[in-house]
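Undergrad: Given these sequences and hints, build the entire structure.
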Amino acid sequence: MFELSALGVEWGTFLLFGMMIVLLILGKPLAYLTGFVAMFFAIGWFGPNVLPLLTSRIYSFVGEYTLIAVPMFVLMASLLDRTNIAKDLYNAMQFFGGRIRGGVAVQTLVVAVFLAAMSGIIGGETVLLGMLALPQMLRLGYDKKLAIGTVCAGGSLGTMVPPSIVLIIYGLTANVSIGDLFTAAVIPALMLAGFYLVYILARCYLNPDLAPAVTGNELADCGGMGKVITDIAAPGIIIVFVLGSIYGGIASVTEAASVGVTAVLLLAAFRRELKFKVLQESIVQTMRTCGMIIWIGISASALIGVYNLMGGSRFVQGMILGLDVSPLLIILLMMGILIFLGMFMDWIGIALLTMPIFVPIVTGLGYDPVWFGVVFCMNMQVSFLSPPFGPAAFYLKSVAPPDITLVDIFSSVWPFILMQLLALSLVVLNPEIALWLVNF
Amino acid sequence: MGSKEDIPRTINGQPMSRLDIWIVKLGNVVGWLYFVAVIISVFEVIMRYGFNRPTAWAHETTLMLVGIGMLWGGSYCMAEDRHIRVTVIRDAMGRKTRRIVDVIVGVLNVLFCAGLAWAGFVMSQKALFDPTGAFRAQRSGSAFNSPAPAVVKTVLFIVVVLMTLQAVQQLWAKIRILRQLKSDQEKNAEN
Chain E
1 MFELSALGVE
11 WGTFLLFGMM
21 IVLLILGKPL
31 AYLTGFVAMF
41 FAIGWFGPNV
51 LPLLTSRIYS
61 FVGEYTLIAV
71 PMFVLMASLL
81 DRTNIAKDLY
91 NAMQFFGGRI
101 RGGVAVQTLV
111 VAVFLAAMSG
121 IIGGETVLLG
131 MLALPQMLRL
141 GYDKKLAIGT
151 VCAGGSLGTM
161 VPPSIVLIIY
171 GLTANVSIGD
181 LFTAAVIPAL
191 MLAGFYLVYI
201 LARCYLNPDL
211 APAVTGNELA
221 DCGGMGKVIT
231 DIAAPGIIIV
241 FVLGSIYGGI
251 ASVTEAASVG
261 VTAVLLLAAF
271 RRELKFKVLQ
281 ESIVQTMRTC
291 GMIIWIGISA
301 SALIGVYNLM
311 GGSRFVQGMI
321 LGLDVSPLLI
331 ILLMMGILIF
341 LGMFMDWIGI
351 ALLTMPIFVP
361 IVTGLGYDPV
371 WFGVVFCMNM
381 QVSFLSPPFG
391 PAAFYLKSVA
401 PPDITLVDIF
411 SSVWPFILMQ
421 LLALSLVVLN
431 PEIALWLVNF
Chain H
1001 MGSKEDIPRT
1011 INGQPMSRLD
1021 IWIVKLGNVV
1031 GWLYFVAVII
1041 SVFEVIMRYG
1051 FNRPTAWAHE
1061 TTLMLVGIGM
1071 LWGGSYCMAE
1081 DRHIRVTVIR
1091 DAMGRKTRRI
1101 VDVIVGVLNV
1111 LFCAGLAWAG
1121 FVMSQKALFD
1131 PTGAFRAQRS
1141 GSAFNSPAPA
1151 VVKTVLFIVV
1161 VLMTLQAVQQ
1171 LWAKIRILRQ
1181 LKSDQEKNAE
1191 N
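Protein chains in written order, with the numbering used here: chain E, 1 to 440; chain H, 1001 to 1191.
Just so you know, these hints were derived from the structure itself, not from any lab.
Computed from a predicted structure; not experimentally measured.
Where hints are given, some of them may not hold.
Footprint (simulated), chain E over chain H, 3 or more residues, beta carbon under 8 Å [what the hints assert, rightly or not]: (1) 1011-1023; (2) 1029-1038; (3) 1120-1130; (4) 1138-1147.
Every residue, glycine too, gets a C-beta built ideally from N, C-alpha and C.
TA: Shown next, in the form of structure tokens:
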């Protein structure tokens, strides 16, 4: 029709990027933006007859069995949000956390790891911690920046700790075993959480004003030893259900997610919190969250499909592999692109757009795609916290006390971003950190 | 309709159209498919490990149910105006530019959705009718051989048609806002 193909793939790529940026600036929703560009190029490059390609991409995308683990985990997180399981866990942890200096921040971090291991939803976790932990730390006179940073960084651990939906989507696009990805992410995630922990303890030790000592009666009532044990054991059981069935090879990731939902439902019923209203609200929440992320994914997968047909992937791969630089530099270049894109786009869009191009390069350079999956999700974690569009900040802002501004949040998270970058560079330089457990 | 507060609004405070309200209401029911899919998946795990009798139908059925839910979600989020967009720059524009930009984006949305609707029509037609035009639902071809492909493709078609209608409606609303602004300005000029 417009004979766009006469442009050649180089100029086609420029035009494609230019169009995306312009549309992004105009405020077109991401879910239609990439799809629109895909449609424009499908018609312009190949003619209107290839249009059904777009719907068949949509159809095959929603028909991916692994993908449907995502709604299940979203449902699980929505249910957790609406029961008091997380709140009780937080209070129970106080039993331990209240006793050391900076303990409440440490407690927040530990709860963050627990929540991350229960379900892989990132935004929900930041919101949950923002509602539970932030007011508590501020009330006890903790340093505002330390408290905010801990909540944001802890909340974003959900991108890495299995079962993370970022890893699921990566596994889907890169055709890598999700079980392997989950295994590979364990040590880097714990290492990162360890960095946070050391940082918090060290800062509180060096400057005790940051975290006033807490006397016993300032703490919320834990309700005695028995309640502490059950409140910690309950989420522990859910984690065993979910991760156990994946690592144990009993169930697929999708089934494990369903088992997780059922575990939460049973626990909620046992706690007499399972009401029709809770279920209906969780389902509405699932509908909303999935509608947003899945359609961004659908749209991005349509674009990469069309771009592939245009010969774009081969073009970019040829260009990157043709660079006369060391493989490590190429990996760094790709990470730079990921972080750049992370400033405007949702992680799922980035994964589906870039991974079909990047992963063959990574394997071509002799690196392990499982390792790159961990690198990818650490990258996404950085963009999750960093300005200008760091979603964690916006999630936290939506539940934080009104006097906490976005500027406060962004100026609090940078030490944590530095630690993420440190952990990221360690994993990039020593792939064994990720792969050791997989090959074990 | 009752008082002003009764009208459901999008997350940006715009009143929702009747179509949007209907899509959300139906979506709240469609969402239960996720729940059903969870039950089926767990049932399958129990049958497989507890009784060593894996089912032939669980896999395809869960896929179909969740697929329908995810597709409907697109329309659902459109009704509530929830789809993520980067508005930092758009918000910094002047009032008039912003409204013109909104109209342009609205036109592009209509084009995109209409294109999908046409593509979806071609696809669902193939899934529902054989080349002679007689009705036959496309089947999965597995041991269970369910008509899931035909069902999901039809739902996909319905959703993209709904999205087209929503896009047209939203475009119309944006044009009205733009015209409102113009007539206000003219009035101001006259005064």
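Undergrad: Each hint needs a verdict: does it hold in this structure or not?
TA: Now the hints, each set against the structure:
no., hint, verdict
1, 1011-1023, "violated (count 0)"
2, 1029-1038, "holds (count 7)"
3, 1120-1130, "holds (count 3)"
4, 1138-1147, "violated (count 0)"
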